[in-house]
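Enquirer: Here the protein sequences line up with chains A and B, keeping their order. So the mapping is simple: our numbering equals the position in the first sequence, first residue as 1, plus 1450. So the mapping is simple: our numbering equals the position in the second sequence, first residue as 1, plus 1450.
These are computed hints drawn from the structure, not numbers from a lab. Certain hints may be false.
Same chains, same label: a pair holds when it works inside one copy or across any pair of copies.
Stated by the list, open to error - Capping the alpha-carbon separation at 20 angstroms, the derived lysine to any residue pairs in SDA-like fashion look like this: (1) Lys1539 x Glu1770; (2) Lys1539 x Pro1632; (3) Lys1539 x Tyr1732; (4) Lys1746 x Glu1456; (5) Lys1561 x Leu1462; (6) Lys1744 x Glu1504; (7) Lys1746 x Thr1455; (8) Lys1744 x Gly1472; (9) Lys1510 x Met1749; (10) Lys1744 x Tyr1454; (11) Lys1655 x Pro1636; (12) Lys1561 x Asp1459; (13) Lys1744 x Thr1455; (14) Lys1655 x Ala1614; (15) Lys1746 x Val1566; (16) Lys1510 x Ser1628; (17) Lys1744 x Glu1485; (18) Lys1655 x Ala1473.
If you're wondering where the values come from, they're calculated on a predicted model, not measured in any experiment.
Number of protein chains: 2
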Amino acid sequence: MAVYTEIGDDELRDFVAQYDIGAVTGLKGIAEGVENTNYLLQTDRGSYILTIYEKRVDPKDLPFFLGLLDHLSTRGVPCPSTIHGRDGKALRQIAGKPAAVQTFLQGIWPKRPTAVHCGEVGAALARMHLAGRDYPNTRPNALSIDGWAVLVDATAARADHVAAGLGAEIAREFEYLSEHWPADLPVGVIHADLFPDNVFFMDDKLTGLIDFYFACTDALAYDLAICLNAWCFERSTEFNITKARRLLSAYRQVRPVGDDELAALPLLARGSALRFLLTRLYDWLNQVDGAMVKPKDPMEYLHKMRFHRRIDGPGAYGLE
Amino acid sequence: MAVYTEIGDDELRDFVAQYDIGAVTGLKGIAEGVENTNYLLQTDRGSYILTIYEKRVDPKDLPFFLGLLDHLSTRGVPCPSTIHGRDGKALRQIAGKPAAVQTFLQGIWPKRPTAVHCGEVGAALARMHLAGRDYPNTRPNALSIDGWAVLVDATAARADHVAAGLGAEIAREFEYLSEHWPADLPVGVIHADLFPDNVFFMDDKLTGLIDFYFACTDALAYDLAICLNAWCFERSTEFNITKARRLLSAYRQVRPVGDDELAALPLLARGSALRFLLTRLYDWLNQVDGAMVKPKDPMEYLHKMRFHRRIDGPGAYGLE
Chain A
1451 MAVYTEIGDD ELRDFVAQYD IGAVTGLKGI AEGVENTNYL LQTDRGSYIL TIYEKRVDPK
1511 DLPFFLGLLD HLSTRGVPCP STIHGRDGKA LRQIAGKPAA VQTFLQGIWP KRPTAVHCGE
1571 VGAALARMHL AGRDYPNTRP NALSIDGWAV LVDATAARAD HVAAGLGAEI AREFEYLSEH
1631 WPADLPVGVI HADLFPDNVF FMDDKLTGLI DFYFACTDAL AYDLAICLNA WCFERSTEFN
1691 ITKARRLLSA YRQVRPVGDD ELAALPLLAR GSALRFLLTR LYDWLNQVDG AMVKPKDPME
1751 YLHKMRFHRR IDGPGAYGLE
Chain B
1451 MAVYTEIGDD ELRDFVAQYD IGAVTGLKGI AEGVENTNYL LQTDRGSYIL TIYEKRVDPK
1511 DLPFFLGLLD HLSTRGVPCP STIHGRDGKA LRQIAGKPAA VQTFLQGIWP KRPTAVHCGE
1571 VGAALARMHL AGRDYPNTRP NALSIDGWAV LVDATAARAD HVAAGLGAEI AREFEYLSEH
1631 WPADLPVGVI HADLFPDNVF FMDDKLTGLI DFYFACTDAL AYDLAICLNA WCFERSTEFN
1691 ITKARRLLSA YRQVRPVGDD ELAALPLLAR GSALRFLLTR LYDWLNQVDG AMVKPKDPME
1751 YLHKMRFHRR IDGPGAYGLE
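The shape of chain A in the complex, shown without the other chains:
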């Protein structure tokens, strides 16, 4: 929860004047969000989200992200679309940083996702994957094998400060996944971070997908594996097979999943668990004094990784 960048009065006026969105009536920093600064920008025409991209986002990637939002939203995916300025541009600067204005989506993210939510997410993910097929731009997944290697090295020396034996377990898992990571699965644009706080609902109907700033070109089934981890475990880290069945079957009703993808799911889920274990562990070990964001518990993803390692096949996910 963070507002990293404050906006001066004149600066805001000059910035908004470059758009055809009316006169500003309000600006409130939004507490949710870790990577960027988000403001709810209200004008006499409606509500918008003003995002200021902070150092964790590479400005070179912004055209990929913003272009993707427009691509998906024109194809009916319930994601924000960017507001283009009078000069036609969606990306400009405020307070010396890259910034963009997007449409505001109604809905609330679910604090306790239910099986109904999981079904909605599965279907929306599949529709996003289909809508992304003809997106012409690509972006490598910076948090796949190569990125993990960097994080394994960066956390190795102190991983055992968090839990005894953690460093060795991560090293073993990384080695195994590097050797067995599937290379021939269907690839496309994936969200890569579709956690519950990035999905809005109203009355149990999905109304929005947000926060595409990890989106990249990778195996579609890997996105599904990320969602299995993010949506189908209870707080006690127990796997909920009912939720997984709903998520997977709703996905498959929209986009048929190949046998190769299904067979790879447990491995992809281990990889997804390792990815979030590593980034959380890194943030945990590198906490900044006075930081405004509490790091998330890395151990949650260690438990998930172990779960997927123990099962004997994708049938454990309740596949029908």
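On the provided structure of chain A, position chain B as indicated by the hints.
Expert: Just chain B now, kept in the frame of chain A:
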């Protein structure tokens, strides 16, 4: 900037159902605000602020604060009014904590207040003081002399960690103010925390006063002294006499200020500076690991206190 309390999905539904404000379409944590958790609550009828009162607010004081908002807003003061539930009550509980829903005010707080803003604030403060005259409830100022004594004791041992000699300077100032604090000035409801981030503007016109959670019964001129400190110094801690003149003269056009009040202003301003120096110093010395709010610099108020001690009378404020 903080959201201390998360709200469950069912909990939100049950809470909102107790009001006649329509169906929820959005809920976003607001980054601004230090004491309480504030959500922007959107329904199909409009926007509201849902405030959850955290431990720094004494629940016994809430009827005073919420009643004051209704009292002032029905008298035309541009402050939030409370939304009463179907049971007639404005105060209820959510997530086990006291909570209230208030109207949403348009406008933006000024990051760099101008002399025009200072004039608007002076006039609005005076109107608030007049409107509060017949508010039947009272609340002692917990952060006047008695409260300062507690903070002087609590910070004495470590004040010099922040600046050499600070402890002795605070002790001397506290002793002087205790002996000379005026007792016979006109008293009424004061805001007691009217900093720029608690005042909204649109197009240089004041649209809202918020955050009445330090409001209390005290000398009206003390509120003016707080505003002099909060609005009339440049970032370099230089006093801006033009801003002070605008603030004071705009105030006096709405509510005549007695000679006794004017004469007391420098002393009241010293007291106000000591009050914010002490609370900031206390927070500075008692930083919590992992806190989501950065403590404010106490030294800013030391400089302000010294300024008011040096001047030879209220003429230094540009009084006309």
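Enquirer: Within a copy, between copies, both or neither: which one fits Lys1744 and Gly1472 at a CA-CA cutoff of 20 angstroms?
Expert: Neither: 36 angstroms inside a chain and 34 angstroms across chains, both beyond 20 angstroms.
Enquirer: Can you give me the call for Lys1744 and Glu1504, within, between, both or neither, at a CA distance of at most 20 angstroms?
Expert: both (17 angstroms within a copy, 19 angstroms between copies)
Enquirer: Give the relationship of Lys1746 and Val1566 under a CA distance limit of 20 angstroms: within one copy only, between copies only, both, or neither.
Expert: neither (26 angstroms within a copy, 45 angstroms between copies)
Enquirer: Indicate which option fits the pair Lys1539, Tyr1732 if close means a Cα-Cα distance not exceeding 20 angstroms: within, between, both or neither.
Expert: Neither. Shortest intra-copy (36 angstroms) and inter-copy (48 angstroms) distances fail the 20 angstroms Cα cut-off.
Enquirer: Which holds for Lys1746 with Glu1456 at a C-alpha limit of 20 angstroms: within a copy, between copies, both or neither?
Expert: between (25 angstroms within a copy, 16 angstroms between copies)
Enquirer: Is it within a copy, between copies, both, or neither that the alpha carbon of Lys1561 lies no farther than 20 angstroms from that of Asp1459?
Expert: Answer is between; shortest inter-copy Cα gap is 6 angstroms, intra-copy 35 angstroms.
Enquirer: Please work out whether the CA atoms of Lys1510 and Met1749 approach to 20 angstroms or closer within one copy, between two copies, in both situations, or in neither?
Expert: Classified as neither; 33 angstroms inside a copy, 41 angstroms across copies.
Enquirer: How would you label the pair Lys1655, Ala1473 (within, between, both, or neither) given a Cα cut-off of 20 angstroms?
Expert: between (32 angstroms within a copy, 14 angstroms between copies)
Enquirer: Using 20 angstroms as the alpha-carbon threshold, which applies to Lys1744 and Glu1485: within, between, both, or neither?
Expert: both (12 angstroms within a copy, 18 angstroms between copies)
Enquirer: Given a CA cutoff of 20 angstroms, do Lys1561 and Leu1462 count as a within-copy pair, a between-copy pair, both, or neither?
Expert: between (33 angstroms within a copy, 11 angstroms between copies)
Enquirer: Regarding Lys1539 and Glu1770, is the shortest C-alpha distance of 20 angstroms or less found within a copy, between copies, in both, or in neither?
Expert: Result: close neither inside a copy nor across copies, 46 angstroms intra and 51 angstroms inter.
Enquirer: Is the C-alpha distance from Lys1539 to Pro1632 at most 20 angstroms within one copy, between copies, in both cases, or in neither?
Expert: Cα proximity of Lys1539 and Pro1632: none, with 39 angstroms in one copy and 60 angstroms across.
Of the numbered hints stated above, those contradicted by the structure are hints 1, 2, 3, 8, 9, 11, 14, 15 and 16, listed in ascending order.
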